[in-house]
Each structure stands twice: as structure tokens, then as C-alpha cells.
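Position one of the sequence shown corresponds to residue 1 (my numbering), numbered consecutively onward.
No lab work stands behind these hints: they were computed from the structure. Hints may be right or wrong, so weigh each one.
Mimicking DMTMM-like on lysine to aspartate or glutamate, the simulated pairs with C-alpha atoms at most 20 Å apart in a straight line are [stated by the list, open to error]:
{"id": "1", "residue 1": "Lys250", "residue 2": "Glu147"}
{"id": "2", "residue 1": "Lys59", "residue 2": "Glu184"}
{"id": "3", "residue 1": "Lys250", "residue 2": "Glu184"}
{"id": "4", "residue 1": "Lys175", "residue 2": "Asp150"}
{"id": "5", "residue 1": "Lys130", "residue 2": "Asp89"}
{"id": "6", "residue 1": "Lys175", "residue 2": "Asp185"}
{"id": "7", "residue 1": "Lys175", "residue 2": "Asp124"}
{"id": "8", "residue 1": "Lys174", "residue 2": "Glu122"}
{"id": "9", "residue 1": "Lys132", "residue 2": "Asp76"}
{"id": "10", "residue 1": "Lys130", "residue 2": "Asp150"}
{"id": "11", "residue 1": "Lys250", "residue 2": "Glu190"}
{"id": "12", "residue 1": "Lys59", "residue 2": "Glu192"}
{"id": "13", "residue 1": "Lys174", "residue 2": "Asp124"}
{"id": "14", "residue 1": "Lys174", "residue 2": "Glu81"}
{"id": "15", "residue 1": "Lys175", "residue 2": "Asp76"}
{"id": "16", "residue 1": "Lys132", "residue 2": "Glu143"}
{"id": "17", "residue 1": "Lys250", "residue 2": "Asp185"}
{"id": "18", "residue 1": "Lys250", "residue 2": "Glu192"}
This structure is a prediction, so every number in the text was calculated from the model and none was measured.
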Amino acid sequence: RAGACVGVLFLIMAFLPKLISLFLAIPDPVIGAYILVIMGVLFVLGMQVVIQDGIDYRKAVLVGVSFWVGAGFQNDLFFNEYLNDWLRDLLGNGMTAGGLTAILLTVFINMTGPRRRRMETELDMSALDKVKEFLNGFATAREWSTEAFDRLCLVAEETMLILSQLDDDGGTDKKRRLLLVAREDGGAAELEFIAAADTGNIEDRIALLGRQASEDAVEHEISLRLLRHFASSVRHQQYSDADIVTVRVKAGAAG
1 RAGACVGVLF
11 LIMAFLPKLI
21 SLFLAIPDPV
31 IGAYILVIMG
41 VLFVLGMQVV
51 IQDGIDYRKA
61 VLVGVSFWVG
71 AGFQNDLFFN
81 EYLNDWLRDL
91 LGNGMTAGGL
101 TAILLTVFIN
111 MTGPRRRRME
121 TELDMSALDK
131 VKEFLNGFAT
141 AREWSTEAFD
151 RLCLVAEETM
161 LILSQLDDDG
171 GTDKKRRLLL
181 VAREDGGAAE
191 LEFIAAADTG
201 NIEDRIALLG
211 RQASEDAVEH
221 EISLRLLRHF
231 ASSVRHQQYS
241 DADIVTVRVK
251 AGAAG
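Whole structure, please, built from the sequences with the hints as guidance.
In C-alpha cells, the structure reads:
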């Protein structure tokens with residue numbers, strides 16, 4: 001919607017030269033103050049997006065390197081004079097240079113990091129056997145012990161029970177879909193349970209609602225004793241019509 005509004009605004013400006021003249025008549029100090037405020041707001045919103053799900057080493061590298069590459073090109077610290085004209089103009093803007101760096105680093109991290117396995121099913125306890133079969137394939141591929149696989153199954157069962165109870169408390173008869181994403185991270189499994197309405201793509205809905213998330217205190221709602229015993233960390237995020245529970249389970253002794 002924002003892109004469409006900006007496009008319409010540009011079309012209007014293209015056919016109304018007087019409107020462009022009006023913008024050009026704004027004094028430079030006013031424009032400078034406006035840009036300063038906008039950049040400050042964008043910086044705060046960006047940091048909010050970065051820290052709302054926690055910071056790991058991947059995210060720290062991505063954000064840190066992108067920021068300093070952008071700052072370096074913006075302040076001519078990377079030998080900009082040796083670049084040809086079009087590349088100098090492109091990378092001379094710190095936001096462009098930092099954004100391109102973030103995109104390239106994201107692609108590199110996703111390609112070199114452990115592959116994620118995912119499955120989608122109904123949010124119902126009758127689907128527990130499918131979830132266990134999915135987790136069995138995940139654990140077998142990594143040669144995990146039977147004890148570690150049992151912990152994964154117990155955590156999955158408890159999490160599905162909690163999400164089902166949230167549906168019952170909400171008083172709705174409409175079943176939500178469950179997207180389960182599993183990945184290995186440093187000798188542990190990170191399981192992400194995403195429960196959302198069955199209309200549309202779950203991952204797309206989560207991306208669109210990302211800024212509306214409100215993360216509750218773990219102990220307040222989701223850290224039941226059984227779940228906390230078998231998981232080393234639990235994080236619960238609530239959206240307008242979706243819940244995300246991220247659970248970390250160690251391959252060794254229980255957390």
C-alpha cells in the first residue's frame with residue numbers, strides 16, 4: 001500500500017509542475033530538519049525490528065557489517081575515488097550501500113547456514129503423529145540420540161497443547177493452521193511453531209504483521225513446567241491473529 005501511494009504521488013507530481021515548484025521552494029534548513037527526524041525515526045524502527053526477536057551472532061554480523069559499510073561509503077572511507085562514476089553514485093549513498101550489503105550477507109548466511117525443514121498441518125492434536133514423523137526425520141538426519149528425539153516430541157506435544165488451548169480460550173470454532181520450522185543451531189534444535197488462520201500463506205501473513213508483534217514475558221503465559229524442563233529457552237509472540245512459539249531444545253542433556 002505504501003508503494004502504491006508513493007507511485008500515485010509521483011504520477012500526480014509528474015503532471016503538476018507547480019506542485020514540484022512548491023516542494024523546491026521549501027527552505028533547505030526545513031528540509032534538513034525533516035530529513036533528520038525521518039532518519040531518526042527509521043533508525044529507531046529498524047533497531048526495534050532487529051532486537052524484538054533477540055540478537056544472535058548471525059544477526060549481529062549482518063547488522064554491524066551493513067551499518068559500517070554504509071557509513072564508510074557515505075563518508076568516503078572506502079576509496080570511492082577509484083570507482084567509476086555510476087558505481088560511485090550508487091554506493092555513495094550510505095543507505096544504498098548498507099542495504100545492498102545486508103541483502104548480500106542475508107543470501108550468504110542463508111546459503112551457508114544449516115538448512116531449515118518445515119511442514120504445515122492443521123493445529124489439532126490429531127496431527128501430532130505427522131509432527132513426530134517430521135521430527136524423526138529431522139533427528140535422524142543429524143544422528144541424534146533417542147533421548148534427544150523424545151525431548152523434541154515432548155516439546156512439540158506440549159506446545160501444540162498450549163496453542164490449542166489458546167484457540168479454545170478464544171471461543172472460536174475455526175481451526176488455525178500450524179507451520180513448524182526446524183533448524184539445527186550449535187548442537188541444539190530451534191523449533192518455531194507458527195499458528196495462524198488458514199486463509200492465505202502463513203509466512204506471508206507473519207511478514208506483513210511483523211511490526212504488530214507483542215512479545216509476552218516467557219513466564220507469564222507459555223513457560224509451563226514441563227515445557228521449560230525439556231527446552232532450554234521458550235519465546236512466545238502474539239500477533240493480531242497468529243501466535244509464534246520458538247523453542248530451543250539441546251541435543252545433550254535437558255535444559
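Here's how the hints hold up against the structure:
no.	hint	result
1	Lys250 to Glu147	holds (11 Å)
2	Lys59 to Glu184	holds (16 Å)
3	Lys250 to Glu184	holds (10 Å)
4	Lys175 to Asp150	violated (27 Å)
5	Lys130 to Asp89	violated (53 Å)
6	Lys175 to Asp185	violated (31 Å)
7	Lys175 to Asp124	holds (8 Å)
8	Lys174 to Glu122	holds (11 Å)
9	Lys132 to Asp76	violated (55 Å)
10	Lys130 to Asp150	holds (15 Å)
11	Lys250 to Glu190	holds (9 Å)
12	Lys59 to Glu192	holds (17 Å)
13	Lys174 to Asp124	holds (11 Å)
14	Lys174 to Glu81	violated (61 Å)
15	Lys175 to Asp76	violated (56 Å)
16	Lys132 to Glu143	holds (16 Å)
17	Lys250 to Asp185	holds (9 Å)
18	Lys250 to Glu192	holds (14 Å)
Hint violations for this structure: numbers 4, 5, 6, 9, 14, 15, all remaining hints satisfied.
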